[in-house]
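Student: Taken in sequence, the protein lines are chains A and B. The numbering used here puts the first sequence at residues 1 to 1074. The numbering used here puts the second sequence at residues 1 to 233.
Treat the hints loosely; a few may be bogus.
With a Cα cut of at most 25 angstroms, we get these calculated BS3-like pairs of lysine-lysine [what the hints assert, rightly or not]:
#  : chain 1 : residue 1 : chain 2 : residue 2
1  : A       : Lys692    : B       : Lys114
2  : B       : Lys14     : A       : Lys695
3  : A       : Lys852    : A       : Lys796
4  : A       : Lys757    : A       : Lys107
5  : A       : Lys709    : B       : Lys75
6  : B       : Lys125    : A       : Lys1063
7  : B       : Lys14     : A       : Lys692
8  : B       : Lys14     : B       : Lys114
9  : A       : Lys518    : A       : Lys107
10 : A       : Lys1062   : B       : Lys75
11 : A       : Lys1063   : B       : Lys81
12 : B       : Lys77     : B       : Lys125
13 : A       : Lys17     : A       : Lys661
14 : A       : Lys1062   : B       : Lys125
15 : A       : Lys1062   : B       : Lys187
16 : B       : Lys187    : A       : Lys13
17 : A       : Lys699    : B       : Lys133
FYI, nobody ran anything at the bench for these hints, they're computed from the structure.
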Amino acid sequence: MKIKKALLKDTFKEIKKSYKRFISILLMALLGVGFFAGLRATSPDMVDSIDTYYKNQNVYDIEIMSTLGLTDDDIEALSNIENVANVYGTYSKDGLIKTSDKEIVSKILCVEDINKPVLVEGKMPENVDECVVEEKFLKDTDKSIGDIIEIEPETTEGEETEYLKNKTLKIVGTVESPLYISRERGNTKLGTGVINYYIYVNKENVNSDIYTEIYITLENSHKYQTASNKYEDYVEETKSKIEEIKEERENARYQELIDEANEEIAKAEEEFNTEKQNGEAQIQEAENEITDGKAQIETAETEISSNETKAKKEFANAEAQIESAKTEVAKNALRLNNQKIEAEKGFEQAEQQKAGLQSTLDNINNAIKITENSIAEKQNELQTAETEEKKESINQEIAKLQAEKQVYETNKQSVQAGITEIDNQIASGRAQLQSAEAQINSAKSQIEKQENTLQQTKNKTNSQIASSKKELEASKQEIATAEAELEKNRAEFNSKIEEAEGKLIDAKEKVSEIEKAKWYILDRQQNAGYNSYIQDTKSIENLSIVFPIVFFAIATLVSLTSMTRMVEEQRQEIGTLKALGYNKIHIMQKYVIYSSLACIIGGIIGMNIGFQLLPRIIWDMYEMMYTIPEFIVSFNHQYSSIGLGLIYICIVGATLYTIIKEVKNTPANLLRPKAPKYGKRVLLERVNFIWKRLKFSHKVTVRNIFRYKKRFLMTIIGIMGCTSLILAGFGLKDSISSILPNQYEDIFDYDIQVSLKTSLNQEQKDRYISELKQKEEINDVLETYMESATAERDDKSETVQIVVPKDKNEIDKMIKLRDIKTKEKFELSEEGIIITDKLAELIGAEVGDTIKITTSDNEEKEIKIVEITENYISHYIYMSKELYQQIYGEEYSTNVLLIQDNDLSEEQEETIMQEMVSKNEVSTVTLTKTTMKTLDDTMNSLNYVVAILIVSAGLLAFVVLYNLSNINISERIRELATIKVLGFYDREVYDYVTRETILLTLIGIVLGLGVGYFLNSYILGTCEIDMLRFEKVIKPISYVYATAITLVFSIIVNIVTYFALKKIDMIGSLKSVE
Amino acid sequence: MAYIEFKNVCKEYKMGEIIIKALDNTNFSIEKGELVVVVGPSGAGKTTALNILGGMDSVTSGDVTVDGKNVAKLKNKELIKYRREDIGFVFQFYNLVQNLTAIENVELATQICKDSLSPDEVMEKVGLSDRKKNFPSQLSGGEQQRVAIARAIAKNPKLLLCDEPTGALDYKTGKQILKLLQDTARKENMTVIIITHNAAIAPMADKIIRFKNGTAEKIEINENPIPVENIEW
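Make a model of the complete structure from these sequences and hints.
Tutor: Have a look at this one:
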């Protein structure tokens, strides 16, 4: 078909002339395509972004965890499975980090080639004493790169286990982990039970050879987009293959552990036995030694006593000899004495003889002396004598005197010899006596000497004996201590042996207690962050279906009215052309080109803006929840062509619809002015009593409303759309914000949940509970049993918590079991279980149905549902203790305490929690307030949906109302000019026109509120997460908001209208023929 | 001073670069109760003059006095008030509100005026008592123009301005309408100004103003106006 040049020119001129109309159609196309393409592309863009992220970081396709850890053998086995590209064994562990003011729990991961974290700042941990953390960690703990953190040593059953070789780590960088794209970090048994952060360490720093996780990448997974059906099928297929080797590997691991343990036990036993033998031998030896010692002591004792007797005997002999010697000496002495006395008598006689001799001697001596004197005198006379005769006579006389003296001298000598003989006789007698005496004395002294020697010997011997005895005594003492020690050692040894034996038995028991390994074969869907991300993309996808529908509908209506108006305005031209001989197609071209141009230009602008803007805006909002390094916005050809195609069908279709109707007319008919729309009586006029009471202006309004049905419809639909979107938005917010209070303030009435250690016995529990109850902060405590399980019905299964209160009548204090609508209370009974509503909905169960419950130990039981109770978050199954025992036949034992405090503040609760955590009885403590806070963050993200709803609703309202107002004015320009000529004030003209708009707006709002209610339900349905039940509640204030916001939009448009009306050119409008 | 006085009125339109003088120093005056016929070829400025007189258009220069009020100097709101209270307009194409019945169209006017006449009476006067509940589309052209006249005179205006009131009507009907206008002027002593390109009807007027090239070229006083039924054209 050739387009006539003149007609084409005319078309462009027409566009220039009626640019407002052109733009309004263009704008509708822009909005329609923009919203459609943009919204539709958001979800794929988001998926694309995570897909790229995951591919870049080599994120796993399948994850395997085992209750008993994983080994290289497992890796080997998995590597052989079809489709499996790479298998990585890695380690992860929860660690407690103490900072100055708090205790935080962190997931400790290893940097690997799989699930590679993205380095944001700094460097990766190259050494064993380095780590990288997430940015939030630094922010929250006021640390920075280069700082040191300490991982607390952890203990398992009281024993320190070293997961990391190096616990003092230097922060060298910050990273983003593809495994944790949301804020959710998982749960732990440490600290407060919630993992706060993740940190990455060098693999070398891990002190374990058993992998905690195995990550698998698949050969062809890069060909598919994550979360796509193909991808999921592919993963599922491989998972089922892994499923096939699962049991074998589980058993192998179990056997390995058992073997290992047994081996160790055997070794230990052996060691124990040798040790025992050694010990026993040692004891034996000690015993022998003691016996020996004792024997020695005995011999020593006999020897000593025999020695003693011998010595005594000897001493007695010696003494006897000495005694006899003494008697002899005494006899001799006596004899000597007698001799002495006789000798003395002899001496006295000798002495007397001597004395006689002496006196003779003296006489002689005297005679000598006289002679001598006479000689001396004669000599003197000689001297004096002068004569010789005389001298001869004197010499004769001297010679005679000398002879005489000679005689005397000879006498004297004989006397003297007599004296000397006597003296000699006495001396020899005396000497004889003396020697006898000396003999006796020497005998005496000899005896004395002997006596002394004997005494000395005696003493010596005695002391020797005494010291021997003493020594013996000491030895005896020694033996006694040795004996005591031996006794002690024996006791010690025995107890040790007993202990060791006990341990062995324990160890053996433990071996028998080793549970079978259980493999968990997971994929990305089980990653909390990934899963909620994908869920969110689905929600957006659902929303992206509803919104564009509204826009397309409105676009169709707007272009329909606009084009109808245009065609009507150009009736004459059409008639002229027809009269000139142009055929229908040629005439239609102008309008088709006109609307097509508007549509295509608008559409192309719209899709470009939409693709860029909407995904980014929505992403900006989601970015607060998810950490993904790069958001990828792409131009989606599929959605752009679908969007453009749809809007083209809507707009050009509407154009064709109007133009075809016109061109069918004859030229003559067309050249004549179109009969104006006839005024008609409305139904209301027949109700006279109302009609009569209406003011004139109101009558006009009523009639006008029914006159312009298309506009009437459009206004109402537009306003309805606007109001309903806003209401749905606010309703969504209401529903979301009511979830938490509903669950944690209304349904659950406890403030603290305490998990008890499983090792506690009832007595310990009772003691702890009464201890708790005594605290003034605590109001009440409910003891329950809780267990995670799977509820299944008709192939649909959900994870649930089974709650079995110790006293079924007390559960009401902490958990409200009641009908959703009537709020009628339920009682736990033996008849069956009470399940939560969302669970019932998800697995399609009703009261009276039976569901299969699989507990963690793989026990499957079919149980009847007796009631369905109100609940908002997670799924619960409530069961009476009696029923539990009846079904499981087990001894019932509580493991959780639900605690109600006395309206404590958050800080007070934190304090109490810290105190509880430090108790031996307590495993984990969860504060309801903390749970609420965490969830609140998640819920807040849904507020963005509300924002999107309100903004788009506003846009919609504005475009529709503005367009309608323009059409309204142009269509009724004569009428308006007329009343202006009649002298209506501006305000009155405005009222005249807008009164109906306002009325229609009001009708639209009322309808919109109704539609909004259902739209809200729909959106809730699409946004709802399996874990949550949204209460389909819209607060009264939300109705007010929706109404007010719509009114504000329409007022804005009305203000614009007011000025448009003011500008109406009366003369020009009235001149032309209609 | 005359009841209505046009004094040195100029009106220029700007059409891009070109300035078109629609009225070029126009002067004329009309007395109260006069029936005036304005004649002249297309583009002579008669409609512009009427629009200015009716408060629908402004002057570029000059004064327009109506009953002592200088219309040329009125502000927008006063102009509306002037239209509302002093002026009745009748157009070639009736300009009835299609959505209102005949009487409602009249009411549309009367409800905003203080001294309005009773719509029923006016309808009676224009001879449409039995058709007052009809919608314009159910009336013939003449009847519609009667409704338009009724709507104009029901406001009890000082001035009834008619722009080619018979332009879209056949001869007979046109004559009836002119008669109605002439009768109204006479009976109600209303000042009526009729614009027509049909010079033949000029004899029915008290005063004939002839427009040419944007100015009132000739003003004739007709001492003996002829009743419309006696005029043939």
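Student: Run every hint past the structure and note whether it holds.
Tutor: Status of the hints after comparison with the structure:
1. With a C-alpha separation of about 22 angstroms, the suggested pair lysine 692 of chain A and lysine 114 of chain B falls inside the 25 angstroms cut-off, and the hint holds.
2. Only pairs whose Cα atoms come within 25 angstroms are accepted, and lysine 14 of chain B paired with lysine 695 of chain A is rejected, the gap being roughly 43 angstroms.
3. Annotation: proposed proximity of lysine 852 of chain A to lysine 796 of chain A holds, straight-line Cα distance about 10 angstroms (limit 25 angstroms).
4. Proximity of lysine 757 of chain A to lysine 107 of chain A is assessed by CA-CA distance (about 22 angstroms); at most 25 angstroms being required, the pair is judged to hold.
5. The hinted pair formed by lysine 709 of chain A and lysine 75 of chain B fails the criterion: a straight-line CA distance of about 38 angstroms is larger than 25 angstroms.
6. Between the alpha carbons of lysine 125 of chain B and lysine 1063 of chain A the distance comes to roughly 36 angstroms, so the proposed pair goes past 25 angstroms and is violated.
7. For the suggested pair lysine 14 of chain B and lysine 692 of chain A, the alpha carbons sit about 49 angstroms apart, so the restraint of at most 25 angstroms is broken.
8. Of the supplied pair hints, the one linking lysine 14 of chain B and lysine 114 of chain B is violated, its CA atoms being roughly 38 angstroms apart against a limit of 25 angstroms.
9. A distance of roughly 22 angstroms separates the Cα atoms of lysine 518 of chain A and lysine 107 of chain A; the hinted pair therefore holds under the 25 angstroms criterion.
10. Among the hinted pairs, lysine 1062 of chain A with lysine 75 of chain B is consistent with the structure: their alpha-carbon atoms are about 14 angstroms apart, no more than 25 angstroms.
11. Proposed proximity of lysine 1063 of chain A and lysine 81 of chain B is supported: the alpha carbons are some 17 angstroms apart, at most 25 angstroms.
12. Taken as a hint, the lysine 77 of chain B and lysine 125 of chain B pair is broken in the structure, with Cα atoms around 32 angstroms apart against an allowance of 25 angstroms.
13. A hinted pair counts as satisfied when its Cα atoms are at most 25 angstroms apart, and lysine 17 of chain A with lysine 661 of chain A qualifies at roughly 24 angstroms.
14. The hinted pair formed by lysine 1062 of chain A and lysine 125 of chain B fails the criterion: a straight-line CA distance of about 34 angstroms is larger than 25 angstroms.
15. For the proposed pair lysine 1062 of chain A and lysine 187 of chain B, the alpha carbon gap of about 37 angstroms is over 25 angstroms, so the pair is violated.
16. Of the pairs offered as hints, the one joining lysine 187 of chain B and lysine 13 of chain A is violated, with about 52 angstroms between alpha carbons and a cut-off of 25 angstroms exceeded.
17. For the hint linking lysine 699 of chain A to lysine 133 of chain B, the alpha-carbon distance of about 14 angstroms falls within 25 angstroms, and the restraint holds.
Taken one by one, the earlier hints fail for this structure at numbers 2, 5, 6, 7, 8, 12, 14, 15 and 16, listed in ascending order.
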